[in-house]
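Each chain, written out:
2 protein chains.
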Amino acid sequence: MNSPARAVTMDKLTSLCKRRGFVYPSSEIYGGIASCWDYGPLGIELKRNITEAWWRDNITARDDMVGLDSSILMHPKVWEASGHIEGFTDPLVDCKKCKQRFRADQLEGDVCPACGGELTESRQFNLMFRTFMGPVEDSASTVYLRPETAQGIFVNFQNALNSSRMKIPFGVGQIGKSFRNEITPGNFLFRTREFEQMELEFFVKPGEDEKWHQYWKQERFDWYLRYGINRERLRLREHGSDELAHYAKGCADIEYEFPFGWSELEGIANRADFDLGQHKKVSGKDLSYFDEENRERFIPYVIEPSAGVGRPLLAFLVDAYDEDVVDGDERVVLRLDRRLAPVKVAIFPLLRKAGQPEKAHAVRDLLKHHFAVTYDQAGAIGRRYRRQDEIGTPYCITVDHQTMDDDTITLRDRDSMEQLRLPIDRLVEEIRTRLAAPTAAAGG
Amino acid sequence: MNSPARAVTMDKLTSLCKRRGFVYPSSEIYGGIASCWDYGPLGIELKRNITEAWWRDNITARDDMVGLDSSILMHPKVWEASGHIEGFTDPLVDCKKCKQRFRADQLEGDVCPACGGELTESRQFNLMFRTFMGPVEDSASTVYLRPETAQGIFVNFQNALNSSRMKIPFGVGQIGKSFRNEITPGNFLFRTREFEQMELEFFVKPGEDEKWHQYWKQERFDWYLRYGINRERLRLREHGSDELAHYAKGCADIEYEFPFGWSELEGIANRADFDLGQHKKVSGKDLSYFDEENRERFIPYVIEPSAGVGRPLLAFLVDAYDEDVVDGDERVVLRLDRRLAPVKVAIFPLLRKAGQPEKAHAVRDLLKHHFAVTYDQAGAIGRRYRRQDEIGTPYCITVDHQTMDDDTITLRDRDSMEQLRLPIDRLVEEIRTRLAAPTAAAGG
Chain E
0 MNSPARAVTM DKLTSLCKRR GFVYPSSEIY GGIASCWDYG PLGIELKRNI TEAWWRDNIT
60 ARDDMVGLDS SILMHPKVWE ASGHIEGFTD PLVDCKKCKQ RFRADQLEGD VCPACGGELT
120 ESRQFNLMFR TFMGPVEDSA STVYLRPETA QGIFVNFQNA LNSSRMKIPF GVGQIGKSFR
180 NEITPGNFLF RTREFEQMEL EFFVKPGEDE KWHQYWKQER FDWYLRYGIN RERLRLREHG
240 SDELAHYAKG CADIEYEFPF GWSELEGIAN RADFDLGQHK KVSGKDLSYF DEENRERFIP
300 YVIEPSAGVG RPLLAFLVDA YDEDVVDGDE RVVLRLDRRL APVKVAIFPL LRKAGQPEKA
360 HAVRDLLKHH FAVTYDQAGA IGRRYRRQDE IGTPYCITVD HQTMDDDTIT LRDRDSMEQL
420 RLPIDRLVEE IRTRLAAPTA AAGG
Chain D
0 MNSPARAVTM DKLTSLCKRR GFVYPSSEIY GGIASCWDYG PLGIELKRNI TEAWWRDNIT
60 ARDDMVGLDS SILMHPKVWE ASGHIEGFTD PLVDCKKCKQ RFRADQLEGD VCPACGGELT
120 ESRQFNLMFR TFMGPVEDSA STVYLRPETA QGIFVNFQNA LNSSRMKIPF GVGQIGKSFR
180 NEITPGNFLF RTREFEQMEL EFFVKPGEDE KWHQYWKQER FDWYLRYGIN RERLRLREHG
240 SDELAHYAKG CADIEYEFPF GWSELEGIAN RADFDLGQHK KVSGKDLSYF DEENRERFIP
300 YVIEPSAGVG RPLLAFLVDA YDEDVVDGDE RVVLRLDRRL APVKVAIFPL LRKAGQPEKA
360 HAVRDLLKHH FAVTYDQAGA IGRRYRRQDE IGTPYCITVD HQTMDDDTIT LRDRDSMEQL
420 RLPIDRLVEE IRTRLAAPTA AAGG
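Sequence lines, in order, name chains E and D.
Okay, so the first sequence: first residue is 0 according to numbering that gives the first Met the number 0, each after it adds one.
Okay, so the second sequence: first residue is 0 according to numbering that gives the first Met the number 0, each after it adds one.
In isolation and in its complexed conformation, chain E is listed as follows:
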């Protein structure tokens, strides 16, 4: 069961991301800010393609799902009911000598790892960021940056139910930012204090929860495969009873083998009626569901497939990264699924004269309302191909001498490197068809 060898390392990937505009360290001109990252021009397009695919596949193309978008700042009672104020904590100790703080559960000895000083007893540190709303900073004005988007769905359960007129089983999904004041963030986009989530809460009748939990584990696992993740680097790991969160009846993680080891992309939990039950209790509002058909009332159980955005994005990049040799030259190529690639088509004039740049601009203008395109006339044609391979552009179009005679161009495929001669007036249709076909599994 050894995984295949591959060229990618975190250093190579981070460097490519910075250089080509996928991901920059946030506030870099001020020395950066711990574990915050900004998406550059290519990164935001890749991220948009991933979140679009998730939204389309899980919300709009399904009859049993609706979307939602709740605010980051919520009533503090929400976090009391959810258990986050009480229990969303890490144990910390202080060094009495150098005043540094450490996670007690990650220390090997009894003395400060920085200066050898004596440590305090450990105390619980809440991972929610807190701030103050309104002009007075006191406990009454304390609000939290949400540590998960899920609670925004639970507190809106009745609203979503009433206005959408859905019947159980049905789900509510949302994409949005969450914040956790992690003591030890790291591994590039993998663990960050500010992060984006794609969460689904699927409400079912108690007793049908196990069946739906199985369904969603399979469905979400297959989703990653469908967008090109290598089957050998993806696994579903069931939680042992000792790692289950207090609210979960069962949970499985979809894990990917990153260069730093197998790590979680998404968790699929059976939260039973914990959340709706808690909000019912604390708010005093009726959050039950009435099943017309069987004339019975119950608190729905919920199955929660909860993914980050940064982690899948990192996995898609790592998995797509490949190096091979073309005409004696080594090239880096991102074998991203065509639907996820930030740029679909690059257009080059072979020469910077003879009317070719003008013709290439006309081709770009023809395609730009249909696909994400780019234009490049700088340097030798081989070098221009390398630039596009490195960012995963599936198709390159070259305008050459012959184009000026017969209105045909060459279309070059990123993976097969096959070059086809095609008339310009068939391009939109041809590219559309090719983009819709699944990309072959990545190499490397």
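Worth flagging that the hints you see were computed from the coordinates, not collected in a lab.
Check each hint, because a few of them may be wrong.
Heads up, the list lumps identical chains together, so a pair's fine if it works in one copy or across two of them.
To be verified - No farther apart than 20 Å at their CA atoms in a straight line, the calculated lysine to any residue pairs in the SDA-like style are these:
1) K367 with D56
2) K166 with P356
3) K96 with L118
4) K210 with Q401
5) K210 with D63
6) K76 with D272
7) K176 with V308
8) K367 with M165
The hints should help you fit chain D onto chain E, whose structure is shown.
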């Protein structure tokens, strides 16, 4: 110059938004949280359509623009350089008796408007939300929730320039959440403490800034018209020199006439070299641009079209709201531009028998991979039309007796209420063509 009368009021609109799932009060089961709102199933689709249209028109379909997505938490030096720590303030006074706080510039008298007590001297209150990053809460760990997305673009100017290889004039745009601890939020989605922005920073050569400022004022004004905003309720208002922000060389607001009066949708400012100049000074990094053609180096000037998301969304809803009489029945109809409408096609079986529901489901399955669709079989057909009119669905399809014989359906248009008989196999093409055509200006 009196504006035409209209049926919409904020009360009617807020109630429709809640009932049909456009917008709910946030944390409503806990009594809500001041001025925070959640987008329901229809609201998030409308919001997605607006932000998609903005992104496509301003970023991907243009050759001189790239996107970016910077983090909400940034290095505190960013806000020192931008002037927000020093100057992003409102003057506040406290009542010595009842301890309430008020904005000094909004008080009419010298005594507390709540209890008549004596007021303190006014002091400056910073509108940035602050929180603490890492395990220690002190001044060294203080960070701010960004009050605008713009600074995330300025600090990434060199990164975006280097990795995109753009030449001036070019722009960088982003969509994201910002936070301002407003003392007096209000008017539904209009002024909220947590809000989303769509900002463009367009970098130009000094001396060409006036020309580009004019260009963007026109371009952005026309954008609202293109998506159906009534020309008579939209105006461009130039700032007087007394209202200009300290960083601005000139500014104009695009204003919409809401039921509560003319108010800003978007500001288009000429920020000159204020921001890049400040970040250059405070960070010590070179943020200049070298113009290869003229062999000169300069700090670019920047034109900033800065819009919210909630305000345009509210304007599109207000502007689309109409009431008319159909067959003797009053109906509410949202005359949203077809591209913005959250649901494009509703599918009804005329009867809940004779195979019609199954046939209607088959039509839905045919259409759902192409358009946002919904299915409804509850109640009389007229009532089903009313439900769709109220949320702005441009097309309703009815499966009836004849469908079972000849595979044709009726397609009903929201605005003309014309009903067409069409074969099912021509539906995708027919609807696609109709959706691409501009919607006639709203009535009311």
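Q.
Are any of the numbered hints broken by this structure? If so, which, sorted upward?
A. 4
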